Amino acid sequence: MIRATFLAFATLLAGVLCAQHEPASEVAHATEAHGEHAGEVEGFNAGKLIMSHIADEHGWHIAGDISLPLPVILYDTRSGLHMFSSARFEHGHAAYDGYMLHDGAIKAVDAAGTIDEAGSKAIWDISITKNVVSLFLVMIALVLVFTSVARAYTKRAGQAPKGLQSFMEPIILFVRDDVAKGAIGEHKYQRFMPYLLTIFFVILFANLIGLIPFFPGGATLTGNIAITLTLALFTFVIVTVNGNKNYWKHIFAMPGVPKWVLVILTPVEILGMFLKPFVLMIRLFANMAAGHIIALSFFSLIFVFGATSAVAGYGVSVVSLAFTIFMTFLELLVAFIQAYVFTFLSALYIGGAMEDHHEHKESIV
Amino acid sequence: MFLSALLDIGTGYGIAALGAGLAALGAGVGIGRIGGDAVQAMARQPEAMNDLRANMILTAALVEGAAFFAMVVGLLVVLK
Numbered sequence: 001m002i003r004a005t006f007l008a009f010a011t012l013l014a015g016v017l018c019a020q021h022e023p024a025s026e027v028a029h030a031t032e033a034h035g036e037h038a039g040e041v042e043g044f045n046a047g048k049l050i051m052s053h054i055a056d057e058h059g060w061h062i063a064g065d066i067s068l069p070l071p072v073i074l075y076d077t078r079s080g081l082h083m084f085s086s087a088r089f090e091h092g093h094a095a096y097d098g099y100m101l102h103d104g105a106i107k108a109v110d111a112a113g114t115i116d117e118a119g120s121k122a123i124w125d126i127s128i129t130k131n132v133v134s135l136f137l138v139m140i141a142l143v144l145v146f147t148s149v150a151r152a153y154t155k156r157a158g159q160a161p162k163g164l165q166s167f168m169e170p171i172i173l174f175v176r177d178d179v180a181k182g183a184i185g186e187h188k189y190q191r192f193m194p195y196l197l198t199i200f201f202v203i204l205f206a207n208l209i210g211l212i213p214f215f216p217g218g219a220t221l222t223g224n225i226a227i228t229l230t231l232a233l234f235t236f237v238i239v240t241v242n243g244n245k246n247y248w249k250h251i252f253a254m255p256g257v258p259k260w261v262l263v264i265l266t267p268v269e270i271l272g273m274f275l276k277p278f279v280l281m282i283r284l285f286a287n288m289a290a291g292h293i294i295a296l297s298f299f300s301l302i303f304v305f306g307a308t309s310a311v312a313g314y315g316v317s318v319v320s321l322a323f324t325i326f327m328t329f330l331e332l333l334v335a336f337i338q339a340y341v342f343t344f345l346s347a348l349y350i351g352g353a354m355e356d357h358h359e360h361k362e363s364i365v
Numbered sequence: 001m002f003l004s005a006l007l008d009i010g011t012g013y014g015i016a017a018l019g020a021g022l023a024a025l026g027a028g029v030g031i032g033r034i035g036g037d038a039v040q041a042m043a044r045q046p047e048a049m050n051d052l053r054a055n056m057i058l059t060a061a062l063v064e065g066a067a068f069f070a071m072v073v074g075l076l077v078v079l080k
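Just so you know, the sequences run in chain order W and G. When we follow the working numbering, the leftmost residue of the first sequence carries the number 1, and every step to the right adds one. When we follow the working numbering, the leftmost residue of the second sequence carries the number 1, and every step to the right adds one.
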């Protein structure tokens, strides 16, 4: 949980760095689905392989036996702060300092090496995990790209864009013209541009970095539900803070319906208020996680067939590789679409919370 | 009998897979209709293509969201 809070804070930092006027600044408290257990399969365990690629890790596996150890930071309510390299765990084979890695989660162990369940509950794991490192990479990429683009605008004011600037400009204009102006309205959209651009590019960069199959990539940030929860929470807070009289009236006392209907309608509307960001969270998380699971499943087929006979393995590898490449290209499309959908829906919700017309505009969801 | 089938791990996996499949079926029908109608609308009114495309992607994403709920539930059963 603390780790998720840390992730949330880091996301916030990324947001603040590349857009100076972040409307909301809060630290999210997120519960993280911890320690996924893969289903047991005989021999080559495709489920376990896939899940270990999807899940967060202490340490970043690169290739073969090479892996990048990452710092483990623990706060133990009994003994204070502990900091050491995740290499000390030797991939879950060794205990260090009274702690051990068990199914991806850090547990307290006694001298004999048995897991102390009560002691494990006292640990707050705020380690720099694979996803946190990936988040830092996204942050650095965003800061580098956008400071360079921003500098180009001041230096080349009034001239045609050049280089990276001309690559980013259409995307930024797309977010402004097609997303913000359309969903929030001509007059009020400007206040929310920093947030919408930030969220769009954070998701886009995270998705794209997750698609790179080797080292600096591979960790699908947006395939982690704590991250998407944080992003959705930002939208929720912005919508709630900016909700005007009309918005609250439509939730607590929908105008134009008989009084007794309100008994049913008000709870539904209140539920809807929370459901919207919840669906935002699930959609992004499930899309990215599912895409990677499918791509890895196709890839695992080689080894599943290879376990029966080598010929079958080689035969399947051609088809399987083609499908994996196809899935990767599909994911490339999905990376853009999901960034767009998240931003557009956020903008729609913000716009919906701020509209003050009396006539009822059609709202989706 | 149904309850005992659910408690049986193997059957639980099967039902989770069935649930994911059914969700995909529903989303498939939904997205198919969205895509078909959007293409038809674009053919009738090519000048509104950009608007239609944006709405098509958005509605498809909403349908997809419902399917993902089912998928996540199925996944939770399997990963339990």
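Hints may be right or wrong, so weigh each one.
[To be verified] Residues on chain W that point at chain G, a partial pick, calculated with CB under 7 Å: (1) Leu164; (2) Met168; (3) Lys276; (4) Val341.
[Unchecked claim] Take a look, some chain G residues computed to stay more than 10 Å from chain W by CB distance: (5) Glu47; (6) Ala61; (7) Val78.
[Claimed, not checked] Quick list of the computed label-pair ranges, beta carbon to beta carbon: (8) G/Asp51 to W/Leu144: 30 to 36 Å; (9) W/Leu333 to G/Phe69: 48 to 54 Å; (10) G/Tyr13 to W/Asp356: 47 to 53 Å; (11) G/Pro46 to W/Leu68: 38 to 44 Å.
No wet-lab data here; the hints were simulated from the structure. This structure is a prediction, so every number in the text was calculated from the model and none was measured. Heads up, the beta-carbon is just placed ideally off N, CA and C, and yes, glycines get one too.
Consistency of the hints with the structure:
Interface hint status for W/Leu164: violated, as the beta-carbon distance to the closest one in chain G is roughly 26 Å, over 7 Å. Residue-level restraint check for W/Met168 is violated (minimum Cβ-Cβ distance to chain G is 20 Å; threshold 7 Å). This hint is violated: W/Lys276 has a C-beta 10 Å from the nearest C-beta of chain G, more than the 7 Å allowed. Hint status for W/Val341 relative to chain G: holds, with the closest Cβ pair at about 4 Å, below 7 Å.
Even its closest Cβ contact with chain W, about 16 Å, leaves G/Glu47 beyond 10 Å, as expected for a residue assigned away from the interface. Not every CB of chain W lies more than 10 Å from the CB of G/Ala61, the least distance being 4 Å, so the non-interface label is violated. With a cut of 10 Å on Cβ distances, G/Val78 falls inside the contact zone with chain W, its closest approach being about 6 Å. With their beta carbons about 35 Å apart, G/Asp51 and W/Leu144 fall inside the hinted range of 30 to 36 Å.
Between W/Leu333 and G/Phe69 the CB atoms are about 22 Å apart, so this pair departs from the stated range of 48 to 54 Å. The hint said 47 to 53 Å for the Cβ distance between G/Tyr13 and W/Asp356, and at roughly 52 Å that hint holds. In this structure, G/Pro46 and W/Leu68 break the distance hint of 38 to 44 Å, their C-beta atoms being roughly 52 Å apart.
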